[in-house]
Amino acid sequence: MKFIKYLIVGILFGVVMSKSEAISWYRIQEMFRFQAFHMFGIIGVAVTLGVIGVALIKKFKLRDLEGNPIMFYPKNKSTARYLLGGIIFGLGWALSGACPGPMVVNIGYGFMSFGVVFLFALLGTFLYGAIKDKIPH
Amino acid sequence: MQPWPWWFSGLVISSVMFLLLFYGKSFGFSANLRTICSIGGAGKKVKFFDFDWKKQTWNLVFLVGAIIGGYITSEFLSYPDQAVAISENTIKDLEVLGFAAPSSVQPTELFSMEAIFTVKGFLILAIGGLLVGFGARYAGGCTSGHAISGIADLQVPSMIAVAGFFIGGLIMTFGIFPLIF
Chain W
0 MKFIKYLIVG
10 ILFGVVMSKS
20 EAISWYRIQE
30 MFRFQAFHMF
40 GIIGVAVTLG
50 VIGVALIKKF
60 KLRDLEGNPI
70 MFYPKNKSTA
80 RYLLGGIIFG
90 LGWALSGACP
100 GPMVVNIGYG
110 FMSFGVVFLF
120 ALLGTFLYGA
130 IKDKIPH
Chain C
0 MQPWPWWFSG
10 LVISSVMFLL
20 LFYGKSFGFS
30 ANLRTICSIG
40 GAGKKVKFFD
50 FDWKKQTWNL
60 VFLVGAIIGG
70 YITSEFLSYP
80 DQAVAISENT
90 IKDLEVLGFA
100 APSSVQPTEL
110 FSMEAIFTVK
120 GFLILAIGGL
130 LVGFGARYAG
140 GCTSGHAISG
150 IADLQVPSMI
160 AVAGFFIGGL
170 IMTFGIFPLI
180 F
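Chains as they are written, first to last, in numbering that gives the first Met the number 0: chain W, 0 to 136; chain C, 0 to 180.
Same shape as in the complex, but just chain C (with noise of 0.2 Å):
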């Protein structure tokens, strides 16, 4: 089956930010993060995390649907191995630094297993995860929080932290990117 249309995408996540605002709830997927850190006990030891998580139960349940989500797709709506298909001139700029022409939905440069044990492969998911966990408490939400639910409230806030999304992914790609690949 073919990925859907951008347009038809666009749709559906924003029924997704409507349904739960008709549940009364917040679209805003990096709280688990800080809900989990929590559950965990970091609450003993760090006063943000000292909070009731209990009423975050709903978000959790979100996150167990998005993963069963993923295998849904991946076992039974998609080919399996589909490449994505991205433009040709994204293809060019990542063969120049050293990335295969797409085989399927992520690059095994950095995915497969054989790359998580490398030391470079393991620090460049390590650093990435870190980056976007600090950074997404630190700006007060992440992608679904601030670009989706906090634009379409057109608070300045979140268009500020979109703002910060791009300057921080420019500044990786073309700043970054040549120097470590």
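Looking at chain W on its own, in the form it has when it is part of the complex (with noise of 0.2 Å):
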């Protein structure tokens, strides 16, 4: 029972994926080609609203549920696997349309050949690990 929070918050992140057609490959073109406001509408707003959040979270000293204070942890500093593993990230994201959330989406709304996407992006993970020591970082 304890997960069930999870769950629900899962079902809203798929709900607001769907909703706002961010699982569409034709916004995320739409996107690359800077031709309509809608997504970076939707990046700019959570973003913004993240901001906000997270410096007061920070400013109050905010706790979990379970009584923790919530922390953020500094990423390792780099330039070179951000931004490598960035440009091989855009050029998936552009061409399957969908990042690794809405991928799941997708197999849920019906579009069952996103389960091809998933299951390569399970495989390109896994080269990852396998490779990982000899490509910069």
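Just so you know, these hints were derived from the structure itself, not from any lab.
Just so it is clear, the structure is predicted and the values come from calculations on it, not from any experiment.
Ideal Cβ positions, reconstructed from N, Cα and C, are used throughout, including at glycine.
A few of these clues could be false.
[Said to hold, decoys possible] Label pairs and their in silico Cβ distance ranges:
no. : chain 1 : residue 1 : chain 2 : residue 2 : range
1   : W       : K131      : C       : G23       : 26 to 34 Å
2   : W       : G43       : C       : V95       : 27 to 35 Å
3   : C       : I179      : W       : K1        : 44 to 52 Å
4   : C       : L10       : W       : N67       : 23 to 31 Å
5   : C       : F121      : W       : K131      : 36 to 44 Å
6   : W       : L61       : C       : L76       : 18 to 26 Å
7   : C       : T56       : W       : G43       : 47 to 55 Å
8   : C       : K44       : W       : F39       : 37 to 45 Å
[Said to hold, decoys possible] Anything over 10 Å on all C-beta distances counts as not near chain W; from chain C, calculated:
no. : residue
9   : L10
10  : K43
11  : D51
12  : W52
13  : K54
14  : Y78
15  : G97
16  : V118
17  : K119
18  : P177
Starting from two chains that each stand alone, build the complex the way the hints lay out.
Here you go:
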């Protein structure tokens, strides 16, 4: 039962990804062509509220449900891995029209072909794990 | 039922992030890919997957919820075959590449069952997925971990990653699409 809250938030995520049309390949194309405000508006609002909320959590030292302080861990400083990894990710995002979350939301929506995309995303993750020590980070 | 406006969608997405923070977790979807590899036994061959994945169970439950959320929306919260109202300019650009104007959420040219069973159609889905999976782990996160959570915390690595997402997306859209479509 302790996991039910994650199921509910997951459902909320699946619904908002679908109802916002962020799961659509068309919307991702429109975004990368800078031809509509839609996707930028979604990300912009989420990020703006996120920045304000995270600042408030830090300022008032808010705690989570279990009473532990909410912590933010700085990611390791580097350029190569974030830039190169980001570019590879972006190539795939534009081609398949889906980042990992929307892949599974699409499967639920009924687009079974995203099962292929998701399986190969697993393979891509495995490949990264296999060669990670040989590529620049 | 109509799609949700951008401002409401953005508000709900940030609520997802804050709910997870108040549950003591951080929003990062692509971690699930690593977890599933690990459950599949990848840890026996590759050290990167040899970790205590049980701590990520909550995230897998979140993933199951995301699938259910997609199902609920298509069954109960939208008209069947609701066409995505993308801009006229995008429709024109995509027409040049051989895509018909949207008649549902996804282009049948890429995601219909007929398309999967062609060599080209299969390769597009496979390579797209492979790049996303590899890139997400290499960059240490995907759209949720970097573009939403990371930038909300004003982290420079996440800003670099998101710049990378766009560089890659623009290369694919303007450099590679005209060659493959």
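So, going through the hints one by one against the coordinates:
The hint said 26 to 34 Å for the Cβ distance between K131 (chain W) and G23 (chain C), and at roughly 28 Å that hint holds. The supplied range of 27 to 35 Å is met by G43 (chain W) and V95 (chain C), whose beta-carbon atoms lie about 29 Å from each other. Between I179 (chain C) and K1 (chain W) the beta carbon distance is about 47 Å. The supplied range of 44 to 52 Å therefore holds. Take L10 (chain C) and N67 (chain W): their Cβ atoms lie about 26 Å apart, and the range 23 to 31 Å holds.
The hint said 36 to 44 Å for the Cβ distance between F121 (chain C) and K131 (chain W), and at roughly 27 Å that hint is violated. A hinted range of 18 to 26 Å for the beta carbons of L61 (chain W) and L76 (chain C) is inconsistent with their spacing of about 32 Å. For T56 (chain C) and G43 (chain W), the Cβ-Cβ distance of about 33 Å falls outside the hinted range of 47 to 55 Å, so the restraint is violated. One distance hint, 37 to 45 Å for the beta-carbon pair K44 (chain C) and F39 (chain W), holds here, with the actual separation near 41 Å.
Distance check for L10 (chain C) against chain W: the nearest CB is about 6 Å away, which does not clear 10 Å, and the non-interface claim fails. Here K43 (chain C) stays apart from chain W, with its beta-carbon at least about 12 Å from theirs, past the 10 Å limit. With a least beta-carbon separation of about 16 Å from chain W, D51 (chain C) lies farther than 10 Å from that chain, consistent with its non-interface assignment. Every CB of chain W is more than 10 Å from the CB of W52 (chain C) (nearest about 13 Å), matching its label as outside the interface.
At roughly 13 Å from the closest C-beta of chain W, the C-beta of K54 (chain C) stays outside 10 Å, upholding its exclusion from the interface. The claim that Y78 (chain C) lies off the interface holds: its Cβ sits roughly 12 Å from the closest Cβ of chain W, which is beyond the 10 Å cut-off. Every Cβ of chain W is farther than 10 Å from the Cβ of G97 (chain C); the closest lies at roughly 13 Å, confirming the non-interface assignment. No Cβ of chain W comes within 10 Å of the Cβ of V118 (chain C); the nearest lies about 13 Å off, and the non-interface call holds.
The beta carbon of K119 (chain C) sits about 12 Å from the closest Cβ of chain W, which is more than 10 Å, so the claim that it is off the interface holds. Against chain W, the non-interface label of P177 (chain C) holds: every CB pair exceeds 10 Å, the least being about 13 Å.
In summary, the numbered hints that this structure violates are 5, 6, 7, 9.
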